[in-house]
Each structure stands twice: as C-alpha cells, then as structure tokens.
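Engineer: Once you know that position 365 of the sequence shown is 365 in this note's numbering, the rest is easy, because the numbers rise by one and skip nothing.
These are calculated hints, taken from the structure and not from any lab test. Check before you lean on any hint, since a few could be wrong.
To be verified - Once the Cα atoms are required to be at most 27 Å apart in a straight line, the calculated DSS-like pairs of lysine-lysine come out as:
#1 Lys122 x Lys107
#2 Lys50 x Lys39
#3 Lys50 x Lys397
#4 Lys279 x Lys210
#5 Lys154 x Lys210
#6 Lys102 x Lys122
#7 Lys279 x Lys39
#8 Lys46 x Lys397
#9 Lys50 x Lys279
#10 Lys124 x Lys107
#11 Lys290 x Lys46
#12 Lys210 x Lys39
#13 Lys210 x Lys290
#14 Lys39 x Lys290
#15 Lys397 x Lys39
#16 Lys154 x Lys50
#17 Lys124 x Lys46
#18 Lys279 x Lys154
#19 Lys97 x Lys122
#20 Lys431 x Lys210
#21 Lys124 x Lys102
#22 Lys46 x Lys210
#23 Lys290 x Lys154
#24 Lys97 x Lys124
#25 Lys210 x Lys50
#26 Lys46 x Lys279
#27 Lys107 x Lys97
#28 Lys290 x Lys279
#29 Lys50 x Lys290
#30 Lys397 x Lys210
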Amino acid sequence: MAATTFSSLSDDLNSPILPPPLKTSTESEKICIDQMLEKYCGEFGKWQLKHFILTSLAWALEAFHTMVMIFADREPDWSCVNGVDCGGGGGSVCGMKAADWKWIGGKAASTVSEWSLICGDKFKVGLVQALFFAGCMIGAGVFGHLSDSSLGRKGSLTVVCALNAIFGCLTAFSPNYWTYVFLRVLTGFSTGGVGLCAFVLATEPIGPSKRGMAGMSTFYFFSCGIAILSGIAYIFQTWRTLYIVSSIPSLMYIILILPFVSESPRWYLVRGRIHEATKLMSTIASSNGKHLPDGVFLALDEEVSKSKIETDDDEYNLISSIENKDAQIGSIVDVIHYPVTRIRLFLAVVINFSASVVYYGLSLNVTNLETNLYMNVLLNAVAEMPAFTITAVLLDKFGRKPLTIGTMWFSGFFCLMGSLMSNIGVWKIIKMVCGVLGIFGMAGTYNLLFIYTAELFPTVVRNAALGTATQAAQMGAILAPFVVVLGGWLPFGVFAACGILGGMFAFYLPETLNMPLYDTFNGLEAGLA
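Let's have the full structure, built from the sequences with the hints guiding it.
Structural biologist: This is the structure we're talking about:
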C-alpha cells in the first residue's frame, strides 16, 4: 500500500505543472493585394471584367472632348456668289472680297466660319488646340495627386467627368473666340484627369499576370470613342450642337455607370482603410466563385514578411495594428527624393514626351489628305486597333521594355525614311505609307506606355508619377502642331529623332513583366534588394 502511494506521488511530481497549450485551428497571415489576387480572389474573373469595362468607358469620353476640335474647328468648304469666277472654289478666299464668297453650310458650321479664323487669324485655330493640351497637362498633375490622396481614384473620376460635362456644354454658348479659348482650357484641365484616373482604377484590382493585357486593352475604348465621334459629328454638323451632344455622355456616365464602379482596394490599403479594402477583396473573391479565408489579412508589401501569427492573442494584435494604421500618403516630391524613382521618373517623362510628339504629329498629318474628313478620322481610329492588338499579344511574351524599344524604333525608322522622300510622283505615295507605318508603331508605344509607367512606381505615388508622365505627353501634344507647320522634310525628321532617341532612353528602364505592384517606397526598395 505504501509502495503504491509512493509510486502515485512520484508520477504526480513528474507530470507538468501546466497543461500543454492548445493548438489553434487556423493560422493567420499577412499578404499583399497581388498575392491575395493570385491565391484567393482570382486575377481576372467576372468581377474584374465588369469593373474593367465600366471604368474604361471613360476613355471614350476623353476621346469625345479631345477630338471634337477636329470637327468644331474645321475649315468648311466655300463657294463663290454673285457670278464671281473663283476657279471652281479651289483658290484662297484671302484675296477676295467678303461679298464674293460664302461658307457652305453657313457660318454656324464651325468656329472658323463663325469667327472668320482664316488668313491672318488662322493661327488662332492652332492656338486653341495648343492651349487645350496645356490645360490637359495641368489637370493631369492636379488630379494625379488628388486621386492618390483625399479624393481617391473613383472620386477623382467622378469630379473630372462632371467638370467635362459642365465645361463642354458651356463651350457651346461661347459668345466670342476668347471665351471659347478659356472654356476649352478648362475642358482640357478636366480631360487631363479622365484617362489617368480611369486607367489606374481599372487595372489596380487585376492580378500581375493579367494586368498587362488588360491595361493595353483600355486604348480600344479611346479609339472606339473617336470612331463614334466621327459618326456624331457627321449627324450634327454645327459646332455648338456638336459640343452639347458630345458632352452629355459624361453626365450619363456619372448617373448610369459610376454607381456600379468600386473604389480601388489598393487606394483603401495605402490610406489605412484596411477593413474596406479587405471587404472589397472578399467581394471580388465571391463574385469570381472563390473564397477568402477568415485568417488572411491585407497588408502593405513591406509588412508581408510578418505574415505568420499562431496565437489568438497575436491574431487580435495583428487585426488591431492593421485597422489602426495611419494612411500612407506620397507626392511627386517623394518620387524625386528617392534615387530609384527619380531616375525612373526622368526616363518616363522623356519617353512619354517623345512618343506624344510623334503620335499627335503624325495624326495631324491626316488632315492634309484631300478626302472626306469624317471618313478620315474613322479610318485613322480603326487603323490604330491592329497596333493595340499586336502589342497586347506580345506584351506578356516579350515584356514591356523590349516592346517599348522595338515599337519606338519601328516608328522612328519609317519616319526617317519618310523624311528622305519627296512629294513628287510615286515617292509621294511611299511617303504616305511611311507615315501610316510610323503612326502604327507609335500607337503601339503609346498604348503600352501607360501600363509600363504605372508599374514603375509604388501605389502611394503611382497616380502622381503617372500624372507627371502624362503632363510630359501633353507637352509633346502642344509641340506637335508647331512641328507639322514646319513643312518639307523637317516634320518627319523631327518625328524620326524623337522615336529613335525615345527607344534609346528606354534601354535604361527596368523590366516589370510579372513583377508585383509595390505599395510603398520601402516595399519597392525591399523588392530590388
């Protein structure tokens, strides 16, 4: 009996004082948005498809407000009156008396006919175009910053569409030329933010392996907008009516489309609104027929290394620390402050400027063809689409960098060939073909530069950096009309130089194919380490 008692006591002494800890049934982890899209939500499912289409429709609105000047500021045909012989109407009205000729379609046909923007005042047509793009340049910077900060992507897109509708309709009631110029500058200011905000909002919820193809597809909406506008302009052939009709869709977009568009989860994340970002990611997963586990939490990419939390208490601390995190805010000053992003910004500015000079310059040469204006614009828009398709197909196969270099050099080569051709006989046809091939190549460049530039910078400053690059592109658009009027071989020579030099600068950019979209500067630096 004593032996039994001693044995029992010995067993009690050898037993642990505390019971072994219970294992948690689930583990929690921190992951960034790209990882969550790849593992749980789906990179491009039904939710992203709907979101992408609805958001990218804004590109058509940008096309309306940008290209409407082609029709509103056109120089209508004219004819002689009172039996005056004007050589079949093929001469110039500058040396004729005002009573000896008239505009076909009346003075209301365009701003040129209404305010006599001909002869010595012809420069005013180009001035309106240049100042419109100047407004776009300013607006791209302003709304690029606002969409990264307080307004967000969706809020900024709502504001610019509302301003476009207001300024566009007011333009139709311009009493004189200078009021018209002022309202076009304001329209340019708001238009500069449309494509920028729409592009970032459409592509940020898409996974890294699908983002390139989706980003390239946004420009189909712009080209379709130009094609639709040519039909609208053919139906409404007075400039005041055309401005109203082309501005109303912006209002319709706000009322009918934007309520079904969600804010970017990346913007929620960098603003410290983790609960809303996580809720949206859960919605994306459900819509795509997938499930987001309860133990998975969103985090900035710099925090992902601390993803494994094993105890309930630590899980509680994880949730608390994430939900109470301060908003991450950046500006273009921060882009310049960091050496890596500073170099990338400089290269992006130079390349976007060069591409814009060539793209808009070659586009303006189309108006010199003696064909139907409406058909001309339609064919020009349709001709860009094969370039978009080919570039989109090759983008994820060869990468962003090789395609940027290749398309810019392709365009530059044919522009160089065009500068060596005369305008006599068969060489005139060959020169035209060189111009078509030049714009074909640069349309592909212009398409992929948006996705490439966006992938070079972290989320906290992505729109600010993209806005700066867009400003550079607008500077190129401002310069392009002045290059075109040089005449002779010079325009093609300048376009060739821009294309070739732009491709050379692209050599110094990094490849971003299948790389994550970093959220912060620290995350970017960690990814480069």
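Engineer: Would you mind marking each hint as holding or not holding in the structure?
Structural biologist: Going through the hints against the structure:
Restraint check for Lys122 and Lys107: satisfied, since their Cα atoms lie roughly 16 Å apart, inside the 27 Å limit. Our distance criterion of 27 Å between C-alpha atoms is met by Lys50 and Lys39, whose separation comes to about 21 Å. Note on Lys50 and Lys397: the hinted pairing holds, with a Cα-Cα distance of about 25 Å set against a maximum of 27 Å. Annotation: proposed proximity of Lys279 to Lys210 holds, straight-line Cα distance about 22 Å (limit 27 Å).
Distance restraint check for Lys154 and Lys210: the Cα-Cα separation of roughly 22 Å lies within the 27 Å cut-off, and the hinted pair is therefore satisfied. Of the pairs offered as hints, the one joining Lys102 and Lys122 holds, with about 17 Å between alpha carbons and a cut-off of 27 Å not exceeded. Of the supplied pair hints, the one linking Lys279 and Lys39 holds, its CA atoms being roughly 16 Å apart against a limit of 27 Å. A C-alpha spacing of about 24 Å is found between Lys46 and Lys397, which places the hinted pair at or below 27 Å, so the restraint holds.
Using a Cα cut-off of 27 Å, the hinted pair Lys50 and Lys279 holds, with the two alpha carbons roughly 18 Å apart. With a CA separation close to 17 Å, the supplied pair Lys124 and Lys107 stays within the 27 Å bound. Among the hinted pairs, Lys290 with Lys46 is consistent with the structure: their alpha-carbon atoms are about 11 Å apart, no more than 27 Å. For the hint pairing Lys210 with Lys39, the CA-to-CA distance comes to about 14 Å; that is within 27 Å, so the pair holds.
Among the hinted pairs, Lys210 with Lys290 is consistent with the structure: their alpha-carbon atoms are about 18 Å apart, no more than 27 Å. Restraint check: the Cα-Cα separation between Lys39 and Lys290 comes to about 10 Å, which is no more than 27 Å; the hinted pair holds. Taking the CA atoms of Lys397 and Lys39, the gap is near 23 Å; set against the 27 Å cutoff, the hint holds. Restraint check: the Cα-Cα separation between Lys154 and Lys50 comes to about 15 Å, which is no more than 27 Å; the hinted pair holds.
A hinted pair counts as satisfied when its Cα atoms are at most 27 Å apart, and Lys124 with Lys46 does not qualify at roughly 48 Å. Between Lys279 and Lys154 the CA atoms are separated by roughly 17 Å; this keeps the pair inside 27 Å, and the hint holds. A threshold of 27 Å between alpha carbons decides the hint, and for Lys97 with Lys122 the separation of about 17 Å falls inside it, so the pair holds. About 38 Å separates the Cα atoms of Lys431 and Lys210, which puts this hinted pair outside 27 Å; it is violated.
Under the criterion of a C-alpha separation no larger than 27 Å, the hint pairing Lys124 with Lys102 is consistent with the structure, at around 21 Å. Annotation: proposed proximity of Lys46 to Lys210 holds, straight-line Cα distance about 13 Å (limit 27 Å). Distance restraint check for Lys290 and Lys154: the Cα-Cα separation of roughly 25 Å lies within the 27 Å cut-off, and the hinted pair is therefore satisfied. Of the supplied pair hints, the one linking Lys97 and Lys124 holds, its CA atoms being roughly 22 Å apart against a limit of 27 Å.
As the CA atoms of Lys210 and Lys50 are separated by approximately 15 Å, the hinted pair is consistent with the 27 Å bound. For a cut-off of 27 Å, the pair hint linking Lys46 to Lys279 stands: about 17 Å separates their Cα positions. Under the criterion of a C-alpha separation no larger than 27 Å, the hint pairing Lys107 with Lys97 is consistent with the structure, at around 16 Å. This hinted pair checks out: Lys290 and Lys279 have alpha carbons roughly 14 Å apart, not beyond 27 Å.
Among the hinted pairs, Lys50 with Lys290 is consistent with the structure: their alpha-carbon atoms are about 16 Å apart, no more than 27 Å. The suggested pairing of Lys397 with Lys210 holds, with an alpha-carbon distance near 12 Å, which does not exceed 27 Å.
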